[in-house]
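A.B. asks: Since the structure of chain A is already known, use the hints to place chain B on it.
Here are the chains, one letter per residue:
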Amino acid sequence: MAEKESFITKLEKGRAEFAYRCVEEAKQTFQGESKKQKEYKSYVKKIPSMVLSNGLGQTLAFVKAKSKKENAYDLIYKQLTEYMKSNHTTRISMQQSEADLVKWVISCNSQDYRYITQEILAFLQWLKRFAEGLIEEEE
Amino acid sequence: MFKKIKLFFIIAETPLHPGSGGELGLVDLPIQRERYTDFPKIEASGLKGCIREAFESQLTLDKQNKQYRLLNNEVIGCLKKEFKNIEEIWREKKNGKEVENTDRDGNKLILYQQAINNIFGPEDGEAHAGALAFTDARILLFPVKSLKGVFAWITCPMVLERFKEDLRLAREIPNELNIDFSTLENTLPQQTNICIESKVVLEEYTFEVRESETTSKIAEFLSEKIFPDTNTNAPYKFWRKKLEKDLVILSNDDFTQFVKTSTEIITRTKIDNKTGTVASGALWTEEYLPQDTILYSLAMASPVRVEKEEAKGVLKGNTPEEEAKKVLEFFESGCPEVLQIGGNQTIGKGLVRIQIFK
Chain A
1 MAEKESFITK
11 LEKGRAEFAY
21 RCVEEAKQTF
31 QGESKKQKEY
41 KSYVKKIPSM
51 VLSNGLGQTL
61 AFVKAKSKKE
71 NAYDLIYKQL
81 TEYMKSNHTT
91 RISMQQSEAD
101 LVKWVISCNS
111 QDYRYITQEI
121 LAFLQWLKRF
131 AEGLIEEEE
Chain B
1 MFKKIKLFFI
11 IAETPLHPGS
21 GGELGLVDLP
31 IQRERYTDFP
41 KIEASGLKGC
51 IREAFESQLT
61 LDKQNKQYRL
71 LNNEVIGCLK
81 KEFKNIEEIW
91 REKKNGKEVE
101 NTDRDGNKLI
111 LYQQAINNIF
121 GPEDGEAHAG
131 ALAFTDARIL
141 LFPVKSLKGV
151 FAWITCPMVL
161 ERFKEDLRLA
171 REIPNELNID
181 FSTLENTLPQ
191 QTNICIESKV
201 VLEEYTFEVR
211 ESETTSKIAE
221 FLSEKIFPDT
231 NTNAPYKFWR
241 KKLEKDLVIL
251 SNDDFTQFVK
261 TSTEIITRTK
271 IDNKTGTVAS
281 GALWTEEYLP
291 QDTILYSLAM
301 ASPVRVEKEE
311 AKGVLKGNTP
321 EEEAKKVLEF
331 FESGCPEVLQ
341 IGGNQTIGKG
351 LVRIQIFK
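Just so you know, the protein sequences line up as chains A and B, in that order. Take the first sequence: its letter number 64 is residue 64 in full-length UniProt numbering, and every next letter is one higher. Take the second sequence: its letter number 170 is residue 170 in full-length UniProt numbering, and every next letter is one higher.
In isolation and in its complexed conformation, chain A is listed as follows:
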């Protein structure tokens, strides 16, 4: 019983913790660059509805295409990859040996693909919430 409980709590708590660290990381990486921080926040807010309306593969391909060295999309892509490799996911996670997130995602079968979509959406929900809370809006 206790084990089961800790598994359930771990799910959302794990995601939340991971997301919190990601936003902290973003603030650290883009310290003093408020434009990039703002971009990070607005992309994180935008990506979930992109996944819902275009699908995960399309969205990840878009994020990857927009990634440039040290820009916000690059960091988000890296963080999503790390999340999928972490032990906070349910049902499915990415092998450490896999190199690229979108390559792995599109190689999965229909069912796994749906699990990944669910997993990433659940994570993004936390990420979005923390980004809204932790990254200050400047006037």
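No lab work stands behind these hints, which were simulated from the structure alone. Please note: incorrect hints may appear among the correct ones.
Derived DSSO-like pairs: lysine-lysine, alpha-carbon spacing no greater than 27 Å straight-line [what the hints assert, rightly or not]: (1) A:Lys36 <-> A:Lys66; (2) B:Lys260 <-> A:Lys64; (3) B:Lys274 <-> A:Lys35.
Over 10 Å on every C-beta distance to chain A, these chain B residues come out as not near it, computed from the model [said to hold, decoys possible]: (4) Leu59; (5) Lys225; (6) Leu339.
Beta carbons are placed, not taken as given, at the ideal position from N, Cα and C, and that holds for glycine.
C.D. replies: Structure of chain B alone, referenced to chain A:
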């Protein structure tokens, strides 16, 4: 208790936003969902309000005679056939004298308004419950983009099982549905238009499927009930044919996924008139049930709940059963075919067609 129950379909003709208010989700303004299944639903209170409004909007005020009248249209024509004296003035006994009932401004009310009060409950004054109840509208068929055949209607064993139970409540037990639906996962009707070499591609997911005679029968049954072949409904021939062929019964889990992630998400903004750009902070997302989503609800009638017999008006019957029957008849014959449900009325959202199960 409810004496008579009728099932009716709610067919979304334009995207539908039965909003649940703000939520801490991915979408700023999500739609209502069942707590434990995440299936979309329409709260009964909202549905009841829309139906009441549709009934009330059939009235017009004749300012010269200070009296309400009914509009002259097909729906009212039907209603008048069943309830001949519906347009007479509503008289009530007060202190032993019979007086004409009027609204606050002295306009005379008619028996139609008394019937609305009895059926939906009074807006003010003597409090009693309405004689007609509704259940939350449940999802039956959900449209999903298909690689072949434009789109498919999906459903699942659990949804069909609930539908069967609800029909049983309404004392309609069709033989076509007397089946164990759990064996029908990943099946579709014979000669379907959406299959590509025993696969269907819905959104970006592929499903291995097989044709089934039982599923054909279910599809035909649903199509006949939702888009009945009557002269007045002739325009729906195309949809009738489509539903007969392009239905997919998915597993419960797959269905849940689609109703969660394949709704329409629309981004809206408010433009500042002066600058012509987005007003600060005015960018938000809304969730809609796509058009062609098909839901259903139950209308459940009880006898009129007023003490005085004469206050029952046109709905008065000799037995409680007869009264409940009249209440349902009033709903059935007086309900307009098209209603507006949910948010964003002025941008054409929420138009639904009501089809009573016959």
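A.B. asks: Evaluate each hint against the coordinates.
C.D. replies: Evaluated hints:
Restraint check: the Cα-Cα separation between Lys36 (chain A) and Lys66 (chain A) comes to about 14 Å, which is no more than 27 Å; the hinted pair holds. The suggested pairing of Lys260 (chain B) with Lys64 (chain A) holds, with an alpha-carbon distance near 26 Å, which does not exceed 27 Å. Of the pairs offered as hints, the one joining Lys274 (chain B) and Lys35 (chain A) holds, with about 26 Å between alpha carbons and a cut-off of 27 Å not exceeded. No beta-carbon of chain A comes within 10 Å of the beta-carbon of Leu59 (chain B); the shortest separation is about 42 Å.
For Lys225 (chain B), the requirement that its beta carbon stay farther than 10 Å from each beta carbon of chain A is met, with the minimum near 31 Å. Against chain A, the non-interface label of Leu339 (chain B) holds: every CB pair exceeds 10 Å, the least being about 28 Å.
Checked against the numbered hints above, the structure breaks none of them.
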